[in-house]
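Asker: Read off the chains here:
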Amino acid sequence: MARKVAIVGIGQTEHKTRHPECSHAELINEAARRALEDAQLTIKDIDAVLNGNMDLFEGHNLLDTITVDGSGAYLKPGRKMNTGGTTGGTMVTSAWYHVASGIYDVVLTIASEKQEESGGNTTSAIITCADPLAYRPFSTGAVGALAMVAARYMHDTGCGEEPGAIARVKAADNALKNPYAHLKLHLTLEDVLESRMLIYPLRLLHMCPQSSGACALVLASEEKAKKITKKPVWFKDHVISHQECFKRPLSPDPTPSMISQTDAARKLYQRNGVTQPRRDIDVFEMYEPAAWAEIAWMEDFLLCERGEAWKLVERGVTALDGEFPINPSGGVVSTNSIGATAMVRVAEAALQIRGDAGAHQVTRKEPKTAVATAFGGCNWTIMTLLSKNLD
Amino acid sequence: MDEKVGIIAVAQTKYEECKEGVDLSEMIYEVVKEVQEKTGLKFTEDGTGIDSTVTCSQDLWDGRTISGEWAADVAGAHLRPEEKVAGDGVSGVAYALMQILSGHYDIVLVTAYRRESITNGRLVEWMSVDPIFHRMLGLDFRSAAALQARRYMYKYGITPEQCAKVVVKSHKNAKNNPYAQAPKDLSLEDVFSSPILSSPIRALDAKPVSDGACALILAREEKAKKFTDKPVWIKGIGDCYDVHFLGDRDLADCDSLMGAAKQAYRMAGIENPVKEIDVAEISEEYSYQELLWSEGLGFCGRGEGGKLLDQGITKMTGEMPINPSGGSLVGNPSTVAGAARVVEAVLQLKGEAGARQVPNAKTALVHGIDGVCGQVHHVMILGI
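Protein chains in written order, with our numbering: chain G, 917 to 1307; chain V, 194 to 577.
Looking at chain V on its own, in the form it has when it is part of the complex:
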């Protein structure tokens, strides 16, 4: 990247199982208003305000075709641009970065939102798999994830204890996060005694239903410094697709994540991720995914995700903490999850993460997913 683009303000709602009493637009308004108040930026047309809006949502989840319209009234779509990325928040932030680098806009608002509580999510996931060969099997993301967990555990000898330790760590970290949905004091036994959803995945291994929204403002370097002393710079991005049919890939490996990470590391000049990255916020909808994604991100070798966890490298006091926020396992809507990861990483790099602050964090990795069994991965490197 020839030019620098910074994140100048972030906001997130508290994540809740069901946000009763607000509709989607009102939920979006809460976070958009907050980033506008933090920067004093308005939706003006004269080059002094926010030039463009990027939304992240999915029509089927929101029960509305063109579900960007939930944001239109509250995110400034009156005689201004709004474009919807129908995918994860990390992808949406990368899109805003490209809007700015392309020279079209200087300041861009990104908002990601979802109320999972109003939709039958398993039905939407079922509609996200191939309609001819997979849908008649009744496949949804959870049953597919169970296949992936089984294959991963079998191939590399990952144990149920190692997966359960991810859950315990996530909830422990989330206790320090005022936005977290429902952090609990858990033991391994609590995880093992929670009901089986789709073997080997138990209720506490899976992300819960969640409602919430995030907003961020990105700005070109010369403008970014007007609004904050500490912009957080985007240093690298990477996105990568894998094949769709589960039988066409080895579910115990994640080639597309390795591809996305490689692009982002090359752009950011990172050679040794564990040494050079101070904190990672990654998207895991099931406990095994933190271990598998750690391998794809190159934090350890293939099959060594469990060992990385056992060594304590990824705990709060470790060399490279993963998910000080608690992550999606404690509750973030998917799609919003990636945006929440960016928001959390920004707070860490600005030293504003409160009780969950990682000391002296200067470089952060954020990661987002789309599709079945992590078919699409998005990686972003942020720094100060």
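Chain G on its own, in the form it takes in the complex:
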């Protein structure tokens, strides 16, 4: 019978444009040490080490083998996963499988990106994800795809430019309270609305930064978790849902909605008795690579009706002190160390459940359930449901 699994240790580095003071192995080491320290364990207590990133963003193959000195995997089992933007989420689900299988009791899982090592040209790497024959010649990477999301949303709802700016300012305000966040900007709505246009209607301040940083979690079986910590955060469920690359551009339906996100949400809510997501979930950490994506994807994740999200954002529902806080951490528009990003969502959701998020702890209620999402690839989704209670 599969075992219950909990997060017992959380660590991340400060996320910055560059980490010139350390190598990739040292960056990983910092996150791993912080996670072990949080769990009050040493590397001797760890049965397996998992280590993931996106290879093309640094130009390193087999990063797990290069960084053994930093990850602590020496003479231990482990593996490297890579699923694109969802990598950090996959590093969590894979550690979960490792522990739940009964083969390992305590697992350290690490996700990182040190993007400055590719010269910071992330878009060049992202473009290679498109099929080389059909789409690569006219791929514009993430900015173009997210501009389509924003344009379509504005067109369908007639909401104007304001909601995107409100979402961005909310993220900036939250990031200022998060010691690990990358962009710490004191923003006004005017700052966002006047920032440089990248691809209409996406402006510079709408878009996530290129960050470097690492995140690490320690996962343990029920028996071990109860001994290790007084505040284990339990995994309840996760759903992985992908959408093949060819579907979207060739589809007769022009709506750039994420059917994989809606599919994942529907399955997750159904399996776990979530009937009113905004009531049943206390904190939502969403992988939103642009401020407009947070708004459009609230609807894809079935958090509200179609055409309603921008109104909720304008009402402040998603703010730190709102009824349904989204990304109290400041989110991906503030911090995006890509390989680590989806794990940071899980880590931040877990900190909220523990009540350990410090200045960016949500204020309306003590969270008991949280959802973290991962986005990547063409349209790839992972949703992870965490809980304060075991049952």
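Watch out, some of these pointers could steer you wrong.
[To be verified] Here are some chain G residues pointing at chain V (derived, C-beta under 8 Å):
{"id": "1", "residue": "Asn977"}
{"id": "2", "residue": "Ala1016"}
{"id": "3", "residue": "Glu1160"}
[Said to hold, decoys possible] Calculated pairs, DMTMM-like style, for lysine to aspartate or glutamate (alpha carbon to alpha carbon, straight line, at most 25 Å):
{"id": "4", "chain 1": "G", "residue 1": "Lys1152", "chain 2": "V", "residue 2": "Asp195"}
{"id": "5", "chain 1": "G", "residue 1": "Lys960", "chain 2": "V", "residue 2": "Asp443"}
{"id": "6", "chain 1": "V", "residue 1": "Lys455", "chain 2": "G", "residue 2": "Asp963"}
I should point out that these hints are in silico values taken from the structure, not numbers from a laboratory. Heads up, the beta-carbon is just placed ideally off N, CA and C, and yes, glycines get one too.
Please build the complex by placing chain V on the supplied structure of chain G, with the hints as guidance.
Answerer: Relative to chain G, chain V alone:
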């Protein structure tokens, strides 16, 4: 392991130096379609089909970030799970095993694929070593392997003849394998007269460039028996990392392989590998590695890999044949190599290995590698 997980179907392409006329997706489709046809399993969501897909590939080799996307369209990633292990196929099969044991899925598809012919592999290997201290030396896996071969031969007195005998044996075995890339009738002289690539490694000592793919389906015990009378059970797994910097380890020993083997043997309850294992399929990219890995796997003592070969224990008619398929020296893409080892072991245990069948094989060992000089080893024990 409290529960049993079985391999219920396997498929592999013929390995070729360059598969012209197909792209990666088409190559993957060939093997995925075959295992689906063998089992009748589809990518359904109602619990009657394949629940999850695990892919094994590496972005830099495939020239595409998130190279799992090569498999997405053909391996059922439409509103279903797909996760990519960026490592050897043995590791990917172990991952699928854990997905099932974790209770999340009942039936999992694994596919490993690579077209080495479309990529400058030495460049990718160069990008797989430490960027600060090693890369400016121009180190790649082959030149590092030459250092390892030299150190191993020096420390334990392994001879060039013993390494060449591995090549001759592999090609002889591969003659019986219809999937093998290019098996040749070789003599020791042929090996010695092949050009030196990186001394002491000659062209025939090294694995050739290869294209190919494998697919396997794993299932939980109660479901496995619905699809085949003869599931092959996974009895034990082990994985282990060594340090990265070559100077930090004695290249003539393989501590991480001993670690991986120990885990797998303990889980499978194996005490005397040579006696209890009927056939071994191991990943060797260079001829010396079969001897060195034999030591790490505990088939013989340290430094006795050459003697084990000379005694004939590992030949087709020996007590424990190694690589009846011919192995990677005849041609398997790395990463796919481990999956090919599992496929071959499954065929042996089901008695479906044709002319390369080892009689009455009941327990098999498979082995995979990742990284420079076998930095990471994966071991799996299979049985019926």
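Asker: Hint by hint, which ones does this structure get wrong, listed from lowest number up?
Answerer: Violated hints: none; all satisfied.
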